[in-house]
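Undergrad: Those sequence lines, one after another, are chains A and B. Each residue of the first sequence is one higher than the one before, starting from 1 at the first, in the working numbering. Each residue of the second sequence is one higher than the one before, starting from 1001 at the first, in the working numbering.
The set of hints was computed from the structure by calculation and includes no laboratory data. Treat the hints with caution; some may be incorrect.
The list that follows gives simulated cross-link-like pairs (lysine-lysine, DSSO-like), each with its CA atoms no further than 30 Å apart [stated by the list, open to error]:
| id | chain 1 | residue 1 | chain 2 | residue 2 |
| --- | --- | --- | --- | --- |
| 1 | B | K1050 | A | K111 |
| 2 | A | K111 | A | K32 |
| 3 | A | K32 | B | K1050 |
| 4 | A | K30 | A | K111 |
| 5 | B | K1050 | A | K30 |
| 6 | A | K162 | A | K111 |
| 7 | A | K111 | B | K1030 |
If you only want the chain A side, here are some residues facing chain B, beta carbon under 8 Å, derived [what the hints assert, rightly or not]:
| id | residue |
| --- | --- |
| 8 | L8 |
| 9 | T15 |
| 10 | A16 |
| 11 | I20 |
| 12 | L23 |
| 13 | M24 |
| 14 | D31 |
| 15 | Y34 |
| 16 | Y75 |
| 17 | V79 |
| 18 | Y136 |
The beta-carbon is built from N, C-alpha and C at its ideal position, and this holds for glycine as well.
Now for the letters of each chain:
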Amino acid sequence: MYENQWDLAEEDLDTAITRIDNLMCLYRLKDKGYDIYDYLFGYCGCGQCTNDAFYCSIVMVVFGLNNDDIYLDIYDTEVWLEEQPYKNGIIVDELIEVIMEIIIYDPEADKAIANLVHHPNIIHITAEMSTDGRRYWRIAVIGWETEPDELADICVQIDQLKGARL
Amino acid sequence: MYIKTKQLKRRLNKIPELPPYESISDKAVKAGRLFDLIMSESYVNQQIEKIPREDWLWLRELLWNYGYGDTYGDEFWFIVLDTSYNIKTINQLEGILAALPSLEVSQYV
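The whole structure should be built from the sequences, with the hints applied where relevant.
TA: Structure, rendered in C-alpha cells:
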C-alpha cells in the first residue's frame, strides 16, 4: 500500500540534515552567549547551491555584522597562493586543493589578535586595511573540509581575544 | 478565470485535522511535522525555538537512517511524508481562505 507513494529524495534528505546541523551549530553559539534569533540556518541541497550563506551567518552572529561586511570566496589553492603578497611565508599542504577565504570588515581588526588565533584548519589569518581605510580580517581555511563549527570556533576565538584586549 | 467562492469556502471548511501525537503513528506524525518545519523555515524564529534540540537530533538520526539503512520501513515514512505534505496543503488552503474576499463580494470573482 505504501510503496512508491512517497519517496524522500536524496536532495531533500541532504537539505534537511544540513539544515539541522546548521541549526545545532547556531545553538552552540547561543550557548556561548550569542544572539541567534532571526539568523539564517537554511540550506538548499539542489546540488548547485553551497552552504556559503550559512558560513556568513556564523560570522554575522559572532561579530554582530551585516552581510555586506562579509565576503566569502573559494579558490584553487595555487591561484590563491599566487595572489598572496608574502607567498614565502605561507605553507600549504599539497593535498589541499581548495581554500576558503573570508574577508570580514571590522573596525576592530587587529594583526596582534590575528597572530594569537590558532586552529588546525587555518592556512592564513591576518588583519589588513583596505585602500579606503577600512580594517578587515582575512581568514583563509582549508576549503570543503572546514565545517561551520570550525569557522565558529575561529570567530569565537577572535571575539574573545578582542574582549580580552587591554 | 471564475472561482465559485461559496463552493470553495465550503470545501475549505472541510480541511482535515492532522492526527494527534498520541496516535499509533505518533512518531511518524511528529517526524513529519518537524520535517516540514525544518524544510520551510530558514531563519531562527519562535516556531523553530519552540522545538527542543533533542527533537531535531532525533529527526536527524531518523533521516540519516533513512539514507543509510532504514529500520522503520515504508509505512513509517509514508506517514512522515504524508504529514509533511498535508501541512503544506493546509497552509496553502488557509492562505487561500484568508485571501478570499468577504461575503459581501459577489459569488464570482
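Undergrad: So, for every hint listed, does it hold in this structure?
TA: How the hints compare with the structure:
| no. | hint | verdict |
| --- | --- | --- |
| 1 | K1050(B) with K111(A) | 41 Å, violated |
| 2 | K111(A) with K32(A) | 24 Å, holds |
| 3 | K32(A) with K1050(B) | 19 Å, holds |
| 4 | K30(A) with K111(A) | 27 Å, holds |
| 5 | K1050(B) with K30(A) | 15 Å, holds |
| 6 | K162(A) with K111(A) | 11 Å, holds |
| 7 | K111(A) with K1030(B) | 50 Å, violated |
| 8 | L8 | 6 Å, holds |
| 9 | T15 | 7 Å, holds |
| 10 | A16 | 5 Å, holds |
| 11 | I20 | 5 Å, holds |
| 12 | L23 | 6 Å, holds |
| 13 | M24 | 7 Å, holds |
| 14 | D31 | 10 Å, violated |
| 15 | Y34 | 11 Å, violated |
| 16 | Y75 | 27 Å, violated |
| 17 | V79 | 32 Å, violated |
| 18 | Y136 | 26 Å, violated |
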